[in-house]
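As given, the protein sequences belong to chains A and B, one line each in that order. Numbering of the first sequence is given in numbering that gives the first Met the number 0, commencing with residue 0 and proceeding in unit increments. Numbering of the second sequence is given in numbering that gives the first Met the number 0, commencing with residue 0 and proceeding in unit increments.
Take every hint as true, because none was put in to throw you off.
Sample of chain B residues at the chain A side, in silico, Cβ under 10 Å:
(1) Y157
(2) L336
(3) F337
(4) T341
(5) L342
No lab work stands behind these hints: they were computed from the structure. Model, not experiment: these values are computed from the prediction. Heads up, the beta-carbon is just placed ideally off N, CA and C, and yes, glycines get one too.
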Amino acid sequence: MNLWEPALPAIGPNEHHKDPAMLKALLALLLLLPLAAQAGDADFFIAAKPNEQASLLQAWAAQPDPARLALLSAMQQGRLGADDTRKLRLNNRLRGLLDNALASHQLLSDDATLRLAAARQLQKSAQPAQVAFLDRRFAGEPDAAVHAALGLALANLQLADSNPAVRLAAVRLLGETGDPMARTRLETLLDPAVETDAGVRTAAETSLAQVKRKLLIGELLGQAFSGLSLGSILLLAALGLAITFGLLGVINMAHGEMLMLGAYTTYVVQVLVQRYAPGALEFYPLLALPAAFAVSAGVGMLLERTVIRHLYGRPLETLLATWGISLILIQAIRLIFGAQNVEVANPGWLSGGLQVLPNLVLPYSRIVIIGFALCVVLLTWLLLNRTRLGLNVRAVTQNRNMAACCGVPTGRVDMLAFGLGSGIAGLGGVALSQIGNVGPDLGQSYIIDSFLVVVLGGVGQLAGSLWAAFGLGIANKLLEPQIGAVLGKILILALIILFIQKRPQGLFALKGRVID
Amino acid sequence: MNQPLLVTAAQKAGPRLSLAIGAIVLLLLIALPLLSLLPAGHSLQVSAYTLTLVGKILCYAIVALALDLVWGYAGLLSLGHGLFFALGGYAMGMYLMREAAGDSLPAFMTFLSWSELPWYWAGTQHFAWALCLVVLAPGLLALVFGYFAFRSRIKGVYFSIMTQALTFAGMLLFFRNETGFGGNNGFTNFRSILGFEITSQGTRAVLFLLTVALLLASLLIGWRLARSKFGRVLTALRDAENRLMFCGYDPRGFKLFVWVLSAVLCGLAGALYVPQVGIINPSEMSPTNSIEAAVWVALGGRGTLIGPLLGAGLVNGMKSWFTVAFPEFWLFFLGALFILVTLYLPKGVVGLLKKRGEQ
Chain A
0 MNLWEPALPA IGPNEHHKDP AMLKALLALL LLLPLAAQAG DADFFIAAKP
50 NEQASLLQAW AAQPDPARLA LLSAMQQGRL GADDTRKLRL NNRLRGLLDN
100 ALASHQLLSD DATLRLAAAR QLQKSAQPAQ VAFLDRRFAG EPDAAVHAAL
150 GLALANLQLA DSNPAVRLAA VRLLGETGDP MARTRLETLL DPAVETDAGV
200 RTAAETSLAQ VKRKLLIGEL LGQAFSGLSL GSILLLAALG LAITFGLLGV
250 INMAHGEMLM LGAYTTYVVQ VLVQRYAPGA LEFYPLLALP AAFAVSAGVG
300 MLLERTVIRH LYGRPLETLL ATWGISLILI QAIRLIFGAQ NVEVANPGWL
350 SGGLQVLPNL VLPYSRIVII GFALCVVLLT WLLLNRTRLG LNVRAVTQNR
400 NMAACCGVPT GRVDMLAFGL GSGIAGLGGV ALSQIGNVGP DLGQSYIIDS
450 FLVVVLGGVG QLAGSLWAAF GLGIANKLLE PQIGAVLGKI LILALIILFI
500 QKRPQGLFAL KGRVID
Chain B
0 MNQPLLVTAA QKAGPRLSLA IGAIVLLLLI ALPLLSLLPA GHSLQVSAYT
50 LTLVGKILCY AIVALALDLV WGYAGLLSLG HGLFFALGGY AMGMYLMREA
100 AGDSLPAFMT FLSWSELPWY WAGTQHFAWA LCLVVLAPGL LALVFGYFAF
150 RSRIKGVYFS IMTQALTFAG MLLFFRNETG FGGNNGFTNF RSILGFEITS
200 QGTRAVLFLL TVALLLASLL IGWRLARSKF GRVLTALRDA ENRLMFCGYD
250 PRGFKLFVWV LSAVLCGLAG ALYVPQVGII NPSEMSPTNS IEAAVWVALG
300 GRGTLIGPLL GAGLVNGMKS WFTVAFPEFW LFFLGALFIL VTLYLPKGVV
350 GLLKKRGEQ
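Use the sequences and the hints to build the structure in full.
Following this line, the structure appears as structure tokens:
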């Protein structure tokens with residue numbers, strides 16, 4: 000295999016001051032004397048023309064040398080070395096070749112994760128010239144994941160081999176991975192014009208089926224995960240609603256705005272931390288949690304004292320009044336912060352994700368939010384079942400008059416429970432701010448769904464809310480790719496209406512005989 | 000409360016004068032379109048803008064009346080009446096689009112490079128079928144939804160939420176281009192109705208008079224219903240459904256009838272709204288619009304029939320003034336209205352008048 004053929008013709012006749020033959024010799028010298036590289040490499044690279052730089056990078060990629068790693072890493076940052084101030088200008092082609100060369104060098108690293116990333120990069124960018132090198136690394140690779148990734152990179156290259164047996168082996172190897180890239184690569188092989196050997200084509204077909212099955216599993220898991228994620232958000236939004244609805248029998252239409260207040264509190268906390276304690280910026284969401292709870296709970300209690308208290312026994316009027324409150328809150332936020340979305344940044348520990356399968360990445364922020372939602376449910380359960388306040392709340396929920404007769408201060412309980420419900424929504428707002436846009440209309444988009452959770456889950460029941468939220472979330476996300484988001488929502492609404500035919504009190508009804 | 004002169008006068012005078020005032024208002028409403036026919040520049044000429052605005056408010060008043068029938072009498076607060084209104088509007092819009100497009104496809108379909116009309120557009124070039132659709136689309140939807148909802152005795156806030164979710168789902172559906180109703184932009188650029196140019200003064204005046212006629216007819220139907228035994232049963236149903244059932248009544252049929260009637264009235268109002276305003280789009284189905292209708296009824300007074308008309312006029316009149324004068328504060332005002340009306344005016348303006356009349 001001739002390494003120079005693809006690169007050299009490009010240097011062409013208009014190169015006047017350097018003789019191709021001389022360059023060839025120089026390059027060969029360079030390759031033969033890898034230890035003399037480093038500073039010499041950098042000088043040589045910067046002096047070369049772009050086309051020569053390209054062939055140089057290709058040559059480096061085919062025969063990596065650990066000593067050159069530092070130079071390549073620095074070049075990726077746009078420099079030539081840690082203490083070298085010369086500027087490096089690269090075009091897109093050179094950048095791609097550089098990435099490839101760097102990955103090739105990183106395969107020599109001792110760090111398995113670095114090698115894995117390098118192998119993934121090589122799956123996309125490896126050149127035929129690198130086959131020999133990849134083959135050596137593939138044979139000697141101890142780590143299973145890296146081994147598999149390297150195999151795929153190698154198979155990608157070998158598909159261009161002239162020997163059908165080599166291609167057949169490569170196709171089989173591709174079938175064992177679950178990589179979306181393998182699918183596109185295999186699909187091209189089904190065309191007789193591309194792949195002349197019939198045996199390889201049939202093998203490609205079986206491999207393709209294998210890959211598709213694996214991809215399907217990844218997709219389904221991904222949908223289930225986003226369903227869980229949506230469910231946890233719905234849970235945070237609906238939990239407080241379920242408590243206040245169970246306790247007071249009123250629907251708080253301003254509940255969505257409690258989410259919004261929580262999200263805006265997060266924004267304010269972020270700005271304050273940035274200004275007064277930039278060192279703690281990494282942990283601002285943790286600071287925002289108590290702040291958002293306090294703000295939302297405070298507003299909630301204020302509303303209960305001033306408006307909702309006077310409307311007891313008139314649930315439909317309460318609904319309208321709280322809608323009015325939500326209009327005022329939205330417009331107030333719009334006047335203070337502007338109608339545009341505000342920017343809430345993810346801290347470092349919440350960005351990025353966990354790669355589970357080649358086509359399945361679970362974002363850390365969503366994982367944390369699922370865990371957070373479950374924690375909130377646990378705390379709420381403890382509060383309702385293990386404290387005096389919880390006992391009172393449950394008593395008033397079951398029978399207001401009887402509880403009052405037994406000395407439960409129902410007015411205070413109402414206020415505190417309303418504060419609790421709103422505060423939980425505020426916590427939900429903090430979570431939402433980490434995965435979505437924060438704007439004045441934030442609450443509106445979740446309010447109808449969280450009502451449906453309450454309707455489905457039954458009144459005042461934590462378990463009902465939990466199941467209903469996750470059920471709705473997963474059903475939403477599983478239906479979305481099949482029939483589209485909108486039809487999915489409509490179908491779910493129809494299903495809920497049918498479900499209520501069967502169980503008017505929701506999934507988990509309070510046992511008892513109540514007649515109005 | 001900010002009371003118009005008319006109301007203040009009515010409370011001082013008693014029923015006979017309020018009847019007289021009603022007659023004067025009616026005469027004014029009939030005179031308005033006729034005055035708009037006067038040549039431009041005449042001192043008494045009513046501008047097309049005013050006529051359209053009042054016509055729009057009259058359509059909303061019909062919605063308020065329809066909502067009062069289900070909420071004020073049967074105790075079912077619907078937060079989804081905007082859906083029925085918009086469905087009626089879309090049915091009329093389909094006819095108007097076909098009329099504007101002639102033999103070719105409506106413009107938005109050519110943009111989507113569709114080659115033929117979807118099946119549900121069949122026959123919409125005939126005005127009679129469009130009128131049938133105006134009644135059938137909201138009526139059938141209300142029938143199906145109501146049948147299932149009342150069968151399982153969904154009521155109170157549950158019912159409100161389900162209707163709100165229904166109109167929300169409808170809005171999402173109509174926002175999609177694939178649904179075949181013009182997506183985001185809805186229907187607009189109408190040219191003619193039954194061969195008459197839609198922007199001409201004469202057509203506007205006739206449409207306005209038709210709206211007044213529909214309003215009167217709905218008022219009459221509502222009034223007759225409320226006075227009949229049927230109305231008494233509805234009121235009983237609102238106040239104590241269980242006791243009514245113990246007396247041997249099956250509430251489902253009563254609820255379903257008034258619910259479908261209300262939806263059909265809304266659909267008719269929507270059908271008159273579209274040619275006057277000249278546009279229909281999915282935002283008419285947004286939950287916000289429907290819940291605003293509830294505050295018209297609440298402000299005017301539930302279960303009074305005339306109150307909701309008053310409420311719709313007051314709120315929409317103020318809205319058109321506010322959104323020009325203080326656009327930022329309209330939502331504050333509307334929100335405050337929601338709160339104050341529910342807190343301090345449980346029986347609405349009409350209830351207030353009655354109380355003063357008794358004193």
